[in-house]
Amino acid sequence: QQQVKQSPQSLIVQKGGISIINCAYENTAFDYFPWYQQFPGKGPALLIAIRPDVSEKKEGRFTISFNKSAKQFSLHIMDSQPGDSATYFCAGESRVTGGGNKLTFGTGTQLKVEL
Amino acid sequence: KAGVTQTPRYLIKTRGQQVTLSCSPISGHRSVSWYQQTPGQGLQFLFEYFSETQRNKGNFPGRFSGRQFSNSRSEMNVSTLELGDSALYLCASSLDPSGSVEQFFGPGTRLTVL
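Residue numbers (our numbering), protein chains in the order written: chain A, 1 to 115; chain B, 1 to 114.
Chain A on its own, in the form it takes in the complex (with noise of 0.2 Å):
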């Protein structure tokens, strides 16, 4: 119930290419899905979000697509450059008893531009 499938688990693109990850989730509870970006040596950094009321999110290069009936959604990088080479996780973030909210994350992708 409080799994986010994510994939691939690894990705190469070439250098202006399009990367594109995806996740999947079961927990209907979800009602805010972020997506961080994390470098070696460093904690994850939000790059993305969105709400399960809006279809797509674009922010620069960067734009999430979000399927509720199918309880999918992917983010989707444009012209990716080698500074994009990072991990990227989903996740979903539902409230809990007592307060507060509490994020669930997806396995992770680890994405490599080459030139």
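Treat the hints loosely; a few may be bogus.
[Claimed, not checked] Result set (SDA-like, lysine to any residue): computed pairs, CA atoms no more than 25 Å apart in a straight line:
id	chain 1	residue 1	chain 2	residue 2
1	A	Lys-57	A	Gln-3
2	A	Lys-5	B	Gly-42
3	A	Lys-112	A	Arg-61
4	A	Lys-42	B	Tyr-10
5	A	Lys-68	A	Thr-107
6	B	Lys-57	A	Lys-112
7	A	Lys-71	A	Pro-82
8	A	Lys-15	A	Gly-41
9	B	Lys-57	A	Asp-31
10	A	Lys-57	A	Ser-74
11	A	Lys-57	A	Asn-67
12	A	Lys-42	B	Leu-95
13	A	Lys-42	B	Thr-38
14	A	Lys-71	A	Arg-95
15	A	Lys-42	B	Glu-102
16	A	Lys-42	B	Phe-64
17	A	Lys-15	A	Asp-31
18	A	Lys-5	B	Glu-102
19	A	Lys-42	B	Leu-111
20	A	Lys-112	B	Pro-107
21	A	Lys-5	B	Pro-39
It is worth saying that the hints were derived from the structure and are not from the lab.
Please read these numbers as outputs of a predicted model, since none were measured by experiment.
Put chain B on the given structure of chain A with help from the hints.
Just chain B now, kept in the frame of chain A:
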């Protein structure tokens, strides 16, 4: 504005020992969450503190505990360390725990249990 800081950054312990990790949230942030990151299990939620109270807890054994101080700084403790506790422990702080707002992560503490 200073980010989330965690100390120490690296730690080596032996089985059976205990360890305390520290997290200083961003100034003004009152919610602090802890996560364990391992290659096999990914990022897993440990617990969340707000106003010195643990509000949420993940599925970890009682050997994992934490606390939050009045200045919002937080510590987590792991007792009777096991080899499987080797991981990157991440702390995240957020401004408003009642809404869906960004959690800011620290760089983590890399714990190695020998």
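Cross-check of the supplied hints:
no., hint, verdict
1, A:Lys-57 to A:Gln-3, "holds (23 Å)"
2, A:Lys-5 to B:Gly-42, "holds (11 Å)"
3, A:Lys-112 to A:Arg-61, "holds (16 Å)"
4, A:Lys-42 to B:Tyr-10, "holds (13 Å)"
5, A:Lys-68 to A:Thr-107, "holds (21 Å)"
6, B:Lys-57 to A:Lys-112, "violated (34 Å)"
7, A:Lys-71 to A:Pro-82, "violated (31 Å)"
8, A:Lys-15 to A:Gly-41, "holds (24 Å)"
9, B:Lys-57 to A:Asp-31, "holds (19 Å)"
10, A:Lys-57 to A:Ser-74, "holds (11 Å)"
11, A:Lys-57 to A:Asn-67, "holds (12 Å)"
12, A:Lys-42 to B:Leu-95, "holds (21 Å)"
13, A:Lys-42 to B:Thr-38, "holds (14 Å)"
14, A:Lys-71 to A:Arg-95, "holds (18 Å)"
15, A:Lys-42 to B:Glu-102, "holds (17 Å)"
16, A:Lys-42 to B:Phe-64, "holds (23 Å)"
17, A:Lys-15 to A:Asp-31, "violated (34 Å)"
18, A:Lys-5 to B:Glu-102, "holds (21 Å)"
19, A:Lys-42 to B:Leu-111, "holds (15 Å)"
20, A:Lys-112 to B:Pro-107, "holds (21 Å)"
21, A:Lys-5 to B:Pro-39, "holds (15 Å)"
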